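Each chain, letter by letter, is given below.
Protein chains: 2
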Amino acid sequence: MSTNQTLLQAFQQASYPVAGHSKRTVQELKRALESVDANLAGDMYGTGHVIEDFQARMAAYLGKESAVFFPSGTMAQQIALRIWCDQKNSPKVAYHPLCHLEIHEKDGLKELHHIEAQLLADTDRLIRLDDVEQLDENVACLLLELPQREIGGQLPDYSELEAISAFCRERGIKLHMDGARLFEITPYYQKTAAEICSLFDSVYVSFYKGIGGIAGAILAGESEFTETSKVWKRRHGGDLISLYPYTISSDYYFEQRVGRMQQYYEGAKDLASRYNQCYGFRTIPAEPVSNMFHVHVNVSAEELEPQLISIYEATGIGLTGNLRPTSESSCYFEVSIGDRYTDLPKSKLMEAFQLLDAAMKQI
Amino acid sequence: MSTNQTLLQAFQQASYPVAGHSKRTVQELKRALESVDANLAGDMYGTGHVIEDFQARMAAYLGKESAVFFPSGTMAQQIALRIWCDQKNSPKVAYHPLCHLEIHEKDGLKELHHIEAQLLADTDRLIRLDDVEQLDENVACLLLELPQREIGGQLPDYSELEAISAFCRERGIKLHMDGARLFEITPYYQKTAAEICSLFDSVYVSFYKGIGGIAGAILAGESEFTETSKVWKRRHGGDLISLYPYTISSDYYFEQRVGRMQQYYEGAKDLASRYNQCYGFRTIPAEPVSNMFHVHVNVSAEELEPQLISIYEATGIGLTGNLRPTSESSCYFEVSIGDRYTDLPKSKLMEAFQLLDAAMKQI
Chain A
0 MSTNQTLLQA FQQASYPVAG HSKRTVQELK RALESVDANL AGDMYGTGHV IEDFQARMAA
60 YLGKESAVFF PSGTMAQQIA LRIWCDQKNS PKVAYHPLCH LEIHEKDGLK ELHHIEAQLL
120 ADTDRLIRLD DVEQLDENVA CLLLELPQRE IGGQLPDYSE LEAISAFCRE RGIKLHMDGA
180 RLFEITPYYQ KTAAEICSLF DSVYVSFYKG IGGIAGAILA GESEFTETSK VWKRRHGGDL
240 ISLYPYTISS DYYFEQRVGR MQQYYEGAKD LASRYNQCYG FRTIPAEPVS NMFHVHVNVS
300 AEELEPQLIS IYEATGIGLT GNLRPTSESS CYFEVSIGDR YTDLPKSKLM EAFQLLDAAM
360 KQI
Chain B
0 MSTNQTLLQA FQQASYPVAG HSKRTVQELK RALESVDANL AGDMYGTGHV IEDFQARMAA
60 YLGKESAVFF PSGTMAQQIA LRIWCDQKNS PKVAYHPLCH LEIHEKDGLK ELHHIEAQLL
120 ADTDRLIRLD DVEQLDENVA CLLLELPQRE IGGQLPDYSE LEAISAFCRE RGIKLHMDGA
180 RLFEITPYYQ KTAAEICSLF DSVYVSFYKG IGGIAGAILA GESEFTETSK VWKRRHGGDL
240 ISLYPYTISS DYYFEQRVGR MQQYYEGAKD LASRYNQCYG FRTIPAEPVS NMFHVHVNVS
300 AEELEPQLIS IYEATGIGLT GNLRPTSESS CYFEVSIGDR YTDLPKSKLM EAFQLLDAAM
360 KQI
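Chains as they are written, first to last, in numbering that gives the first Met the number 0: chain A, 0 to 362; chain B, 0 to 362.
It is worth saying that the hints were derived from the structure and are not from the lab. Keep in mind the model is a prediction, meaning the values are calculated, not measured. Hints are supplied without guarantee of correctness; some may be wrong.
If you want a taste of the chain B side facing chain A, the calculated C-beta under 8 angstroms gives, among others [what the hints assert, rightly or not]:
#1 ALA40
#2 LEU111
#3 VAL230
#4 ILE283
#5 LYS345
#6 MET349
#7 GLN353
#8 LEU354
Derived BS3-like pairs (lysine-lysine); straight-line CA-CA distance at most 30 angstroms [what the hints assert, rightly or not]:
#9 LYS268(A) x LYS347(A)
#10 LYS109(A) x LYS360(B)
#11 LYS229(A) x LYS105(B)
#12 LYS360(A) x LYS347(A)
#13 LYS105(A) x LYS347(B)
#14 LYS347(B) x LYS87(A)
The beta-carbon is built from N, C-alpha and C at its ideal position, and this holds for glycine as well.
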């Protein structure tokens with residue numbers, strides 16, 4: 000058994016995990032299904048009330064003309080970029096070097112769509128206006144991920160986002176949002192989702208991050224764009240005879256949680272502050288701008304792990320289930336705050352951080 | 000309202016629809032979920048008991064080394080053909096002109112994989128050994144659909160299938176099975192699924208035809224093949240964080256119905272015989288070889304439709320929800336037998352066919 004499996008087990012057995020909503024069990028789907036009548040007709044290849052109504056409500060929420068439900072963001076985003084490339088007749092896009100399409104999709108964009116990506120910015124910082132100003136002329140689409148997950152969920156200032164959007168419109172470069180965590184940033188920006196989306200030509204949102212659904216994504220934009228996306232959805236094998244297990248659960252958990260994003264954001268700031276007061280720890284961002292952040296630790300995963308396990312056992316608090324090495328003597332982990340954080344016994348949490356601080360000073 | 004919508008409505012309101020298992024409602028998913036504990040952990044990106052156990056059992060059932068669950072057959076089959084083309088370094092496959100990939104997938108195979116297909120046989124007949132013997136040398140893979148759905152679900156003699164398989168192996172052409180309705184043909188061939196699959200290098204099966212699940216597919220073959228298919232599944236956007244709504248329902252309805260294929264086959268033969276005794280009707284095949292067949296009628300859809308509606312209203316029997324024109328004075332429809340046929344009041348069914356025969360003689 001690897002080291003990480005032991006930490007994961009201790010985390011899974013902890014009474015009070017700090018991150019997320021709940022365990023990913025079949026209960027999540029059963030609960031969502033209880034909200035609908037058993038006689039509700041399933042969707043058939045993208046048609047039927049159960050999918051069309053949800054698409055229409057999401058289009059309105061995002062302030063776009065139309066929206067299409069996809070089984071995954073991987074599929075939705077490749078298709079969005081393909082449509083913009085075809086429209087400009089140029090197989091070139093631009094995105095961050097740690098973009099989901101670059102590091103998590105086995106090069107689907109290149110292997111299936113033959114689209115090349117210009118990587119903007121360094122791996123440890125956001126794309127800035129001056130990066131965008133350097134874009135090749137033949138770039139069909141710029142993808143911005145809000146927040147930029149792989150660097151802790153950072154966000155540009157809203158004014159910079161507006162400037163990037165204006166620049167792209169002027170140059171005829173389409174702007175696509177990887178909004179996997181769009182709902183989660185509305186409290187920081189103090190903007191509605193529709194206001195943020197108005198800066199973009201196309202938007203993808205996910206239903207299993209802050210929303211906590213089972214799986215599924217929405218791709219939104221003008222009707223001509225979304226109609227074309229349905230053709231590509233069929234080609235990708237994503238136009239399933241029935242997607243209702245995902246649309247119903249996405250709808251249910253969206254209604255339940257989209258109003259709690261401020262709470263998750265406040266929770267993230269609270270927890271990050273506790274880490275930043277702890278010896279050897281710092282968070283990125285220093286103050287979170289969404290429900291997520293990264294925790295960097297200046298000891299190795301091997302040194303930290305037994306300390307964490309004993310803290311979980313002593314307090315019941317579960318801080319993380321994994322540690323990823325950044326060097327021989329440092330590591331990091333990701334935290335996303337959900338429903339669980341509010342109900343956490345704060346005295347136990349304080350005790351866990353006191354133990355962690357003391358342990359770190361001993362390492 | 001179009002003519003077909005009226006017929007569809009009358010069919011949906013009929014007390015005794017002859018085809019299928021039940022209406023496609025959320026109840027089907029709820030029932031399947033009742034069979035599992037709410038605390039069962041969901042799958043995560045293709046890992047976890049809930050998906051791995053089902054894959055292992057399906058691999059064993061199909062007599063293959065390994066199996067991977069896919070959200071759709073469209074995705075699974077494009078990927079199978081891509082793998083065989085890459086292995087031979089030739090972007091060429093062969094299949095029937097009415098193959099699913101040719102007519103129902105918006106040219107995904109061409110648009111995403113740049114694979115060209117040699118079309119074998121005429122649209123109204125099966126691929127024969129002598130067609131296969133004409134195959135171009137650079138064809139990487141031959142796809143056979145068993146049964147050939149778009150021509151009524153016809154099947155070659157098993158000996159011809161064996162000869163095609165032997166020829167392909169000798170020539171280094173991979174043989175892939177579109178087994179969307181594989182379970183449904185085992186009674187006619189008097190073979191196990193594994194015996195039939197042994198003639199093929201790769202096999203796709205579906206869980207929402209005779210099995211009656213919500214959606215989903217299995218792709219099976221040697222481990223090297225299925226491991227590569229997982230990479231392409233990720234690229235296609237099919238490696239969802241959780242596929243358990245489909246794996247659980249596929250598993251549940253597979254266990255419930257795979258043993259009823261003889262019953263569905265007998266039902267199809269019984270119903271086809273009733274049509275063939277009716278004036279102006281004939282079925283393809285004349286005697287079904289699975290649970291499905293096509294019904295061809297030598298009057299126009301416009302003439303037949305009001306007759307059907309009045310028969311549904313008089314007897315409660317619903318024969319079909321749609322009619323597709325084949326000429327100005329002929330039409331056809333497809334029938335797939337499932338759970339419903341057994342419990343049908345046979346006196347009502349007899350009455351419906353007496354009325355149909357009489358009506359047809361008047362047209």
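Going through the hints against the structure:
no.	hint	result
1	ALA40	6 angstroms, holds
2	LEU111	5 angstroms, holds
3	VAL230	5 angstroms, holds
4	ILE283	24 angstroms, violated
5	LYS345	28 angstroms, violated
6	MET349	31 angstroms, violated
7	GLN353	33 angstroms, violated
8	LEU354	29 angstroms, violated
9	LYS268(A) x LYS347(A)	18 angstroms, holds
10	LYS109(A) x LYS360(B)	61 angstroms, violated
11	LYS229(A) x LYS105(B)	10 angstroms, holds
12	LYS360(A) x LYS347(A)	20 angstroms, holds
13	LYS105(A) x LYS347(B)	57 angstroms, violated
14	LYS347(B) x LYS87(A)	61 angstroms, violated
In terms of the numbered hints stated before, the structure departs from hints 4, 5, 6, 7, 8, 10, 13, 14, listed from lowest to highest.
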